[in-house]
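Sequences and hints are given; from them, build the entire structure.
Read top to bottom, the protein sequences are chains A and B. Its first residue numbered 1, the first sequence is counted upward by one per residue in my numbering. Its first residue numbered 1001, the second sequence is counted upward by one per residue in my numbering.
Only true hints are included.
Stretches of chain B that chain A covers, calculated by requiring three or more beta carbons in the stretch to come under 8 Å of a beta carbon on chain A:
{"id": "1", "stretch": "1012 to 1024"}
{"id": "2", "stretch": "1088 to 1095"}
{"id": "3", "stretch": "1117 to 1125"}
{"id": "4", "stretch": "1138 to 1152"}
{"id": "5", "stretch": "1218 to 1227"}
{"id": "6", "stretch": "1232 to 1246"}
If you want the footprint, here are the derived chain A segments under chain B, 3+ residues with CB under 8 Å:
{"id": "7", "stretch": "87 to 98"}
{"id": "8", "stretch": "122 to 135"}
Ranges between beta-carbon positions, derived for each pair:
{"id": "9", "chain 1": "A", "residue 1": "Val178", "chain 2": "B", "residue 2": "Pro1095", "range": "35 to 41 Å"}
{"id": "10", "chain 1": "B", "residue 1": "Gln1052", "chain 2": "A", "residue 2": "Glu149", "range": "30 to 36 Å"}
{"id": "11", "chain 1": "A", "residue 1": "Val178", "chain 2": "B", "residue 2": "Ala1053", "range": "42 to 48 Å"}
{"id": "12", "chain 1": "B", "residue 1": "Leu1015", "chain 2": "A", "residue 2": "Asn183", "range": "31 to 37 Å"}
{"id": "13", "chain 1": "A", "residue 1": "Ser62", "chain 2": "B", "residue 2": "Phe1253", "range": "51 to 57 Å"}
{"id": "14", "chain 1": "A", "residue 1": "Cys275", "chain 2": "B", "residue 2": "Gly1127", "range": "37 to 43 Å"}
{"id": "15", "chain 1": "A", "residue 1": "Leu20", "chain 2": "B", "residue 2": "Lys1049", "range": "48 to 54 Å"}
{"id": "16", "chain 1": "B", "residue 1": "Phe1253", "chain 2": "A", "residue 2": "Ile144", "range": "40 to 46 Å"}
{"id": "17", "chain 1": "A", "residue 1": "Ala252", "chain 2": "B", "residue 2": "Leu1008", "range": "54 to 60 Å"}
{"id": "18", "chain 1": "A", "residue 1": "Gly195", "chain 2": "B", "residue 2": "Lys1049", "range": "54 to 60 Å"}
{"id": "19", "chain 1": "B", "residue 1": "Ala1011", "chain 2": "A", "residue 2": "Ile144", "range": "24 to 30 Å"}
{"id": "20", "chain 1": "A", "residue 1": "Ala252", "chain 2": "B", "residue 2": "Ala1106", "range": "24 to 30 Å"}
{"id": "21", "chain 1": "A", "residue 1": "Cys9", "chain 2": "B", "residue 2": "Leu1069", "range": "34 to 40 Å"}
Think of the hints as simulated: they come from the structure by calculation, not from any bench. Glycine included, C-beta positions come from ideal geometry on N, C-alpha and C.
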Amino acid sequence: MAASVALRCKGWAFVAPALLWTLAFFVIPFLVMVMYSLWQRTGTTIVKTWNLDNYASFFEKSHFLAGLSNSLEITLLVTVISIVLAYPLAWIIAERVPHRWQRLALLLAILPFWTSYVVRSYAWLLVLSRNGYLNQSLLGLGIIDTPLEIASTRIATVTGFVHFFVMLLTLTIYANLVQLSPNYRRAAADLGASGLQTFWHVILPLTIPGVMVGAFLTFVLCIGDYITPQILGGNNELVLPQIIMLQITRRADFPTAAALSIILMAVITIAYILCARWLKMERT
Amino acid sequence: MILRLKSLGMAGYLLLLYGFIFLPVATLVLFSFQEGRFPIPPFNGPSLKWYQAVFSDHKLTSALTNSLLVALISSAFACVLGFMAAYGFARYRLPGAAAIKATISAPLTVSYLIIGFGLLVSFNLIGVSRSLFTVGIGHVVINTPLCFAIIYASMGDHQLNIERAARDLGAKDWQVMLRVTAPMLMPSIIAAYFLSVTFSWDEFIIAFLLSRFDVTLPVEIWSLLRSGLNPKTNAVGSVVFLISVVIVLLLEFTIFRRGALRDRQS
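Below you can see the structure in the form of structure tokens.
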């Protein structure tokens, strides 16, 4: 008995530093943020009376609600397009590329992943801007007469996001496909299924959980991102993180920013609950 | 014939997607060698003058040093915290282990914007001024769960016997951890370290919210963006890309290759 208590204490000593760090610099700051969201800012001072006015104003002011619906629309669009583009790519790499080239093919497919996040959005601006690469090529080929206005629109934001998440999803879906046992395919073939039938009725359903994990990851990272919409989407059709940053940097309205942050977290939590039954990760 | 068409279609799809994936990076790198003042077609060059401009820009070079310092030091902290926690959970039975694990992993599920903002208001409340130090604290918060997850996943029971042997031979607990367990787990510890270095090195929003006078490279690049399209931004972006790719390739050809070899042998 005494020995097991001593053992426990030793175990605590190993776990404690990480736990204390997380409590001090993550859990407590989160509680401070909740506290701020219940305070008000009037003029330049913060009034420490507790009420839900900041949350009420979210539902009253149309530009806050518009920010949330912009965020949701862009995120859902990005998630769907990215999966549709990444799945065939991952499948071709896993099933059709010779085994010894697969690692290289995968490494190449995610190489631009390692450019700086800020720089990657800027690089898309180079391609999509009025005088950019895309417009110049299309004008040169005579496909269009006047340059397309893509930069500073939702299309640019979606393009930048899809680029990032196609790489991420290709990686996760590939990992999912290669760990499937070849016996499934053999069994389907023995039972007379064609290649397409095998894919549709066997391979695809087996990879759905992995795809859902990737989709959830895409949703979380996309809806919380500030950089891509700010650089590529500009100041039209603001998304929620842009509105939060405006409150912080321009207006120094920490209480409103805190309330909006908690609403953003609530949206992510709802998304988690909706996909929870798919998100049974192997190692938890 | 149908088969031929099918594989042609697949090759076309591969080409299209790889083209899409590489288009922005290729444009970025190509126009970093632009001779003129704008990184847009037509390309005239090559010229290294924008690289020269980057390396003679004091603000950019000191931001680069700041970024490296914050990344290397905060990742070391995150790795030590993550490794110790992984060791504690794998080797001792703790009451409430599931709840503690969930707490330590929680920052993985929250947007960086919210983590950074929470720290900002908290530091504000207790009067801590923003600096590279506070940025480092934020980066340890986001990277500790990552290091913990990677190292914990590689801790199996097969190392237990060796640890028991060390204990039987009189090693103390911390000696077992440092001189037996840590060397056995070195590949995953190094992988966790370099992954968090790249994450910290590239992190923008926490660094932006928590820094003031001394800033990290992504924040400095951000303020460079206000001048619009500029080949200098292309040059600094290409340098960052090169550094990250070198780190990734080093990892690929040292640790992971060795790990793959060992897996095959066993």
